[in-house]
Amino acid sequence: MKYEKNDPVRLSEDGTAVEIIDQTLLPNMFKIKRLHNADEICSAIQLLEVRGAPCIGICAAYGIYICALKISAENESEFFVQLEKCAEQIGSARPTAVNLSLAVKKMLRRAKLCKGRTRDEMMAALKDEAETIHSEDIETCHIISEFGLTLMKDGDSVLTHCNAGALATSRYGTGLGTLLLGAERGYNFHAYVDETRPLLQGARLTSYELSNAGIDTTLICDNMASYVMSKGLIDACFVGCDRVAANGDTANKIGTSGVAVLAKHYGIPFYVFCPFTTIDTECKTGEDIVIEMRDGDEIKKMYFEKPVAPENVKCLNPAFDVTPAELITAIVTEKGIFYPPYDFSEK
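Everything in the sequence shown is counted per the working numbering, starting at 2 for the first residue and increasing by one.
Fair warning: there could be bad hints in the mix.
Unchecked claim - Heads up, simulated DSSO-like pairs for lysine-lysine below, C-alpha to C-alpha not over 27 Å straight-line:
id : residue 1 : residue 2
1  : LYS265    : LYS285
2  : LYS34     : LYS113
3  : LYS116    : LYS106
4  : LYS315    : LYS265
5  : LYS106    : LYS128
6  : LYS106    : LYS285
7  : LYS302    : LYS285
8  : LYS232    : LYS301
9  : LYS307    : LYS265
10 : LYS106    : LYS86
11 : LYS113    : LYS128
12 : LYS34     : LYS106
13 : LYS34     : LYS285
14 : LYS106    : LYS71
15 : LYS232    : LYS32
16 : LYS86     : LYS107
17 : LYS232    : LYS154
18 : LYS265    : LYS301
19 : LYS116    : LYS86
20 : LYS285    : LYS32
21 : LYS86     : LYS154
22 : LYS107    : LYS285
23 : LYS336    : LYS106
24 : LYS154    : LYS32
25 : LYS128    : LYS71
26 : LYS307    : LYS285
27 : LYS265    : LYS232
28 : LYS315    : LYS301
29 : LYS107    : LYS336
30 : LYS336    : LYS307
31 : LYS315    : LYS302
32 : LYS32     : LYS71
33 : LYS128    : LYS107
34 : LYS154    : LYS336
35 : LYS107    : LYS34
36 : LYS34     : LYS116
37 : LYS265    : LYS154
38 : LYS32     : LYS265
39 : LYS336    : LYS285
Rather than coming from a laboratory, the hints here were simulated on the basis of the structure.
Put together the whole structure using the sequences plus the hints.
Right, dumping it as structure tokens:
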């Protein structure tokens with residue numbers, strides 16, 4: 002596979018490490034970080050150095066491949082014991098994003114199909130599977146973006162939350178892909194970008210991506226969403242997601258559900274963009290989605306020169322919230338645009 006400078010995750014040229022753009026340093030520093038083992042991969046995922054559900058899945062796939070390369074085992078049985086241990090560790094790095102577990106399952110399935118074959122043949126197969134996961138995501142994001150363009154007209158203004166662009170996936174992204182593809186084709190869109198507390202993915206990453214693509218971009222605080230909607234400045238809301246339940250309930254970065262409530266109040270379309278694999282039909286409703294809880298220091302300290310709250314104050318810091326299906330206008334995937342009531346078996 003031919004890699005590009007701005008690919009957020011890729012296999013190193015020598016094939017022995019996973020290379021990521023350290024997204025915690027953006028927009029002030031562009032740095033490629035090399036990950037050499039399961040511990041480093043898990044740490045990068047947990048610290049959000051690599052983030053976004055599809056991107057995490059790609060990272061996990063390459064991670065399992067490099068872990069397999071470095072396994073020293075006397076026989077095939079011991080090799081699989083160690084491989085499954087690495088896969089379990091990587092697969093548990095973050096609980097909410099379904100793409101992570103799917104990528105791990107695909108890699109293990111491919112490895113098991115190679116039982117009885119030579120070590121070189123198995124490594125070639127695992128590398129091929131990881132590159133396939135990566136290339137399929139590139140194609141998926143392009144198709145999603147094409148569908149998204151059918152929902153817009155030239156001159157529209159979109160409110161975004163968190164980051165669902167190329168940094169979170171590959172090349173175009175999901176929630177931002179329509180804007181990025183539209184810019185390539187000469188559309189004039191305007192984006193109002195929620196800063197997205199507490200990790201500021203909107204301010205740091207979305208505004209970085211969109212402004213670099215030449216899109217008219219305005220950054221707002223999260224609690225300004227109602228203001229811009231009330232002034233008629235927003236034509237649609239575009240977000241990505243980490244998991245969709247069978248009934249259409251959607252888990253995305255904390256604060257997404259609040260944007261959806263406001264959009265419903267002001268009569269503004271609220272669209273969710275995701276690969277079809279993000280839809281978890283075994284998860285009946287949003288109540289069944291495990292919400293990751295994170296360290297409170299992200300609220301009090303991260304990205305601030307000094308703490309902004311007393312050291313001893315308690316913090317509640319869920320990474321995601323669930324947007325009920327009834328607040329979502331449509332869910333856009335590479336298999337088409339789904340409208341309520343949601344039936345994901347139809348395509």
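Hints and how they fare:
no., hint, verdict
1, LYS265 - LYS285, "holds, 23 Å"
2, LYS34 - LYS113, "violated, 30 Å"
3, LYS116 - LYS106, "holds, 16 Å"
4, LYS315 - LYS265, "violated, 32 Å"
5, LYS106 - LYS128, "holds, 15 Å"
6, LYS106 - LYS285, "holds, 21 Å"
7, LYS302 - LYS285, "violated, 37 Å"
8, LYS232 - LYS301, "violated, 32 Å"
9, LYS307 - LYS265, "violated, 37 Å"
10, LYS106 - LYS86, "holds, 13 Å"
11, LYS113 - LYS128, "holds, 14 Å"
12, LYS34 - LYS106, "holds, 25 Å"
13, LYS34 - LYS285, "violated, 38 Å"
14, LYS106 - LYS71, "holds, 20 Å"
15, LYS232 - LYS32, "violated, 39 Å"
16, LYS86 - LYS107, "holds, 15 Å"
17, LYS232 - LYS154, "holds, 20 Å"
18, LYS265 - LYS301, "violated, 31 Å"
19, LYS116 - LYS86, "holds, 17 Å"
20, LYS285 - LYS32, "violated, 40 Å"
21, LYS86 - LYS154, "violated, 49 Å"
22, LYS107 - LYS285, "holds, 23 Å"
23, LYS336 - LYS106, "holds, 22 Å"
24, LYS154 - LYS32, "violated, 36 Å"
25, LYS128 - LYS71, "holds, 13 Å"
26, LYS307 - LYS285, "violated, 43 Å"
27, LYS265 - LYS232, "holds, 15 Å"
28, LYS315 - LYS301, "holds, 10 Å"
29, LYS107 - LYS336, "holds, 20 Å"
30, LYS336 - LYS307, "violated, 47 Å"
31, LYS315 - LYS302, "holds, 13 Å"
32, LYS32 - LYS71, "holds, 25 Å"
33, LYS128 - LYS107, "holds, 12 Å"
34, LYS154 - LYS336, "holds, 22 Å"
35, LYS107 - LYS34, "holds, 25 Å"
36, LYS34 - LYS116, "violated, 33 Å"
37, LYS265 - LYS154, "holds, 21 Å"
38, LYS32 - LYS265, "violated, 40 Å"
39, LYS336 - LYS285, "holds, 20 Å"
Hint violations for this structure: numbers 2, 4, 7, 8, 9, 13, 15, 18, 20, 21, 24, 26, 30, 36 and 38, all remaining hints satisfied.
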